[in-house]
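Novice: Listed below, chain by chain, are the residues.
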Amino acid sequence: MAEWNAFYHNEDEDEEQEEGEQTSGDYKVTGRDSLVFLVDASKEMFIKGEDGELSNFDMTMQVVRSVYTTKIISSYRDLIALVFYGTEQSKNPRNSFKHVYVYHDLDEPGATRVRDLDALLGDKGEKLAAETMGSGETSLGDALWCCANLYSDIKYRLSHKRLMIFTCRDDPHGGNSTKDRQAHTKARDLKETGVMIDLMHLMKPGGFDVSLYFRDIVSPAEDESELGLQLKPCDKLDDLRKRVLAKEQKKRSLARIKLILDEGINMAVGLYATAVTARKPGAVKLYRETNEQVRSKTRTFQTQTGSLLLPSEIKKAQVYGKKKIVMERDEVDAIKKFDDPGLYLIGFKPMEKLKLHHHIRPAIFLYPEDDQVKGSACLFSALLKKCSEKNVFAVCRCTPRRNIPPRFVALVPQKEEVDDGKVQTKPPGFNVIFLPYADDIRNLDIPHCPIASPIQVNKMKEIVSKLRFKYRSDAFENPVIQQHYRNLEALALDMVAPEETDDLIMPKVEQMDIRLGPLIDEFKNMVYPFNYNPDVKPAAKRKTDDGGGSEKKPKVEVSEEELKNHMKNGTIGKLTVPLLKDACKQFGIRVAGSKKQELIDALVAHLGS
Amino acid sequence: DFRASALVLCMDVGFSMSNSAPGDESHFDLAKKIIQKFVQRQVFAETKEELALVLFGTDSTKNPLHRDDQYQNIIVHRHLMVADFELLEEIENQIHPESQQADWLDALVVCMDLLQTETKGKKYDRLNIALLTNFSTASSSDNLDIIIGNLKKAGITLQFFLPFPLDEDEQGGEDGDSRGPGHQGAGKGLSSEQQNALSMMKHIMLSLDEEEGLDEVYSFRNALQELHMFKRIETRPMAWPCLLTIGSSLSIRIVGYKAVTEEKRKKTWMTIDAQSHQSEDVKKETVYCLDDDNETEVQKDNIIQGFRYGSDIVPFSKVDQEQMKYKHDGKCFAVLGFSKRNLVQRHLFMGNQVLKIFAAKDDEHAGIALSALIRALDELKMVAVVRYAYNRSSNPQVGAAFPFIKKNYECLMYVQLPFTEDLRQFTFPSLENNKKVTPSETQLSAVDSLIDSMMLVEEDENGETDDLFRVHHIPNPDFQRLFQCLHHRAVNPSAPLPPIEPWLKAALERPEVISERCRAPLEQIKKNFPLTEVEKKKPLKTSAQIYGKDVDPARDFCTLVRQKSLPFGEVCQQLTQRIEQLLSNKNTQYYMKSITCIQAFREQSVKLENAELYNSYIQSLKSSVPSRGLEVFWDLLRQGMIRLLTSFLVAEEKEEEAMAASPAGDVGDVDDLVCFHITVICSIRIF
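If you read the sequences in order, they're chains A and B.
Its first residue numbered 1, the first sequence is counted upward by one per residue in this note's numbering.
Its first residue numbered 1001, the second sequence is counted upward by one per residue in this note's numbering.
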């Protein structure tokens, strides 16, 4: 590990992970997730919108591709399949299903598969699809059956199985009730084996009527609110992508613990990591000759005798005050134990008591687990509602796992929010904000802070307004990770050079300059002297010291008129402190302090701007 | 070389110090505790401060000023040096109440002399003497002014620690409520010697510092309260100078400091040999091998690195990687744009720190420019979204700079924001639209009054708020507990670890007032919200999934190991989970199944020459036998294992020894089995 660590070390500050205390996103996975894209390839899917809008097929392929590449980065071990139905040609394991084309069977996504998908994009993709698959009859039942077979050929244990149907036809069999019935049966079979079926219905003229046919195909929504079926059909790429991503990610809790109001009042809650710093994955070690992966084995042995050491033959030690202090391994763990795992309620505080800068690690999300303690969701819901109404947060002592010292957290209520398309944008629950201990807050010597005048502030406000944009948390890709994967992609696919990465966190300097126009110079004239260059360190200071006070000090006097002009233009701050002092002397003003602002205030008061 | 300071602890161990009112700790005990706690803090904070210890009232005499009958019964116990455990042990074991008395002024002179001779030629920021006494000995004030003069000349400061509080004269009668129980009122209970000494002390302290001299006089109890916490380890803030840029032509010289950051333990545990206690005796070795049947070992030189791209593994040398990696221009704090503050959500803050950004030191113009930005943002309720890079070799971040205006200063506060890759868009079922979990009005009002009764922040009649639970004033209990245990172990090597200190426990609990107040509302919650634990039957189902439909975990385990589709460790983990499940049924049939599993586990471990997992599992299983009442199972296991071993050809004799070595009926002794397995493994490797 040490070698590659050195290669992508971040800053000194954020790397070291305290013996697994960090809330990393991946909780012990007991199997792999799987996702089957079942895509309608009928003629209707290829119809382009007016004004050259994307066809439903093209839109779907773009989203599928982005899921592939996301999976490669976030969870390459998940399995993905891509199956088309309503095709002319057939391609499936035993070719027992007509008009079903398995483009990719269930497997880990890799470079070749991404290439395959690229081939299906755009006009040439449409052409390729027409040549290889064509459009033909539809039997959703056969398609679902074929998908069911994909699962049975898998040698891995699957923890989460999801199938997404992409179509713009709400009556796929055109009223053929035998086919309808067969598809319903197959859908039920799939659902019984634990497959979640989602519908990603796409826009068609006249609207998509879910109740016509698909209502019984898809899995019911988790909360029985039928939210899923009220969704409007997608007609925009972004919407579809959002909708797919929201469904595609399986929620995995970091831990399931008790939220304890008092002895005997325990709710079950799950902790979820909703934002986890993504890092470049570690390198794997390969045998030079064959490029096959090698495994590592670690042994602990006694240097003197060469024999293997058992855990009981090892102790732990730290040195303080020249003394080696020895503990048993289980004592080292025991020292970290304060509580059993749980969130212990201390009390509540008004929201304004939550300091913005009291931040020590990313927040996690809290949601009730009614299947562990029945009644949790109701109490949780009441607590959430009241906290949010009263604008308070709860303070809890948090021990997420055994043998972890407690941290205090703020439970900040978050109400559910949905967008226009009824897609959830914020889930209901508490955000868990970790609060700093006294040791986490550093004492700083606060430097002297001069204060800008209202005119200077106003000029800056103009600048700020010119550069306004609507921040979105998902708008910035990590250039380091993106570059890494582009490089790998290029190597994996024998490309001449990696694709260019857009560094989205680079300031768009030219555009900013254009937008700002003369504002920058106006502001600089207000705050900086004419020869001031912030790019170089001021060297002038040294000289005056060396001169021993005997050197000539050119007396520059400022006239009353100049001063008034500076005040009017808000540029008085540009004058140096000695100049301002002289000016004060000149007008016989006595100033209490010698700070710049005090001098300026006094002058302004005297000359009455 | 830089030395922070030098301090002489000067403690009265004389005869009167061991007096105490019945049930109270003696003055001696309290003073000793103060010294212990103080030294302990010094040791764990690893300060460079030098300490000396002078005792007076001792039966013997040992100090450089001792001539004839002068400066008797005073011992320089330790000369100036950095505090260490030796000193702590000496305090623990060698300092006892003694039967003589000595003049505290004499002791003070010995301390002054010590400081002057032992600091000669070196530079110290601070010279200090801390005197702990109850002033029971008469002392002459003849040389008082000379002493004061010398203290001033040498720049030595004084601190006094007394068994009684000082503030008597000023606050006359109000003894009762200003002090806790166990405090004697100074004025009344004091002897004439004590009164006399007190006035001499005041004279000295006020001569040294007219205004605040008396602030350096502490009562034993107050001092102990202040000292109960281990000192936080100070980190010198590191300045990070940079330019804040807006577009191509506006730059502001700034400097950043870490203001809030998750402070980690500074030291890590080293692994040592249990016998020799030497870390050099333990070596960890990692070897690499191919994933073939023979597990062919591969030399380090023949290993190259690669990365996964989904299912593909791409060989990618370090040189190529370095050449092709994302590169940037280094240190930067560049504005990308400005956004409404409420669009930056608190729960999406990333990273482990918050920086405070000030204008560059001594640059008035930068100060004004930054102030204009801070105030503009504050008035518009906006933030700057910036690209931040610490230096060339660190990864750039996107983050937000918030305006922060306090009474005496202003700055920007920088915090990291997420990248697209960091976010996980989870959807959760709606709580409001789900009738099954919607709380009733009664339930809601129960929660309402609970919240009211548990408000930690209160407003008094002057409109000032009082926070009963300031988390950022609580010391990190992890450090406190660690130091407590380290100290305890260092002084009492063979004693078990002590319980958590009561003050620390109390600091982490709900405040007493709140507990009192919320009792009734909590009862209401209990009444109105039935909470019932759901029986767990899930694990069985999942394990059935792990190991296929017919449940034969031992066989499946072997199959999985053979297939190698999962790492050995993972397969073992699944197996041990299964064993644990089986063991939760106290029934011979399940016991036998577990034993079959353990035998398979052992067999495969031997085959793969990887006994670590097996051994550590057996160890932990063994240690849990008494608490889980698994004695019957354990006996069965031992019999089963021995039978198995008998069929093992390689080491027939040794295993007979093993059998003989384990006394029948004894629950322990898997250690023997474990050791034995290792010898088996080793012998396989040798052949």
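Hint data in this document are derived by calculation from the structure and do not stem from the laboratory.
Check the hints yourself; a few may be wrong.
What the hints assert, rightly or not - Derived pair list, reagent style DSS-like, types lysine-lysine, alpha-carbon separation capped at 27 Å:
1. B/Lys1564 to A/Lys323
2. A/Lys285 to B/Lys1564
3. A/Lys242 to B/Lys1564
4. A/Lys337 to B/Lys1435
5. B/Lys1283 to A/Lys322
6. A/Lys426 to B/Lys1283
7. A/Lys297 to B/Lys1381
8. B/Lys1267 to A/Lys426
Unchecked claim - Chain A stretches covered by chain B per the calculated footprint, using a threshold of three residues with CB under 8 Å from any CB of chain B:
9. 88–96
10. 277–286
11. 360–367
Predicted model, so just to flag it, every value in this text is computed and none were measured.
Note that the Cβ used here is the ideal one computed from N, Cα and C, for glycine as well.
Novice: Does each hint fit the structure? Answer for all of them.
Specialist: We went through each hint and held it up to the structure:
| no. | hint | result |
| --- | --- | --- |
| 1 | B/Lys1564 to A/Lys323 | violated (47 Å) |
| 2 | A/Lys285 to B/Lys1564 | holds (17 Å) |
| 3 | A/Lys242 to B/Lys1564 | violated (37 Å) |
| 4 | A/Lys337 to B/Lys1435 | violated (40 Å) |
| 5 | B/Lys1283 to A/Lys322 | holds (23 Å) |
| 6 | A/Lys426 to B/Lys1283 | violated (51 Å) |
| 7 | A/Lys297 to B/Lys1381 | violated (56 Å) |
| 8 | B/Lys1267 to A/Lys426 | violated (41 Å) |
| 9 | 88–96 | violated (count 0) |
| 10 | 277–286 | holds (count 7) |
| 11 | 360–367 | holds (count 6) |
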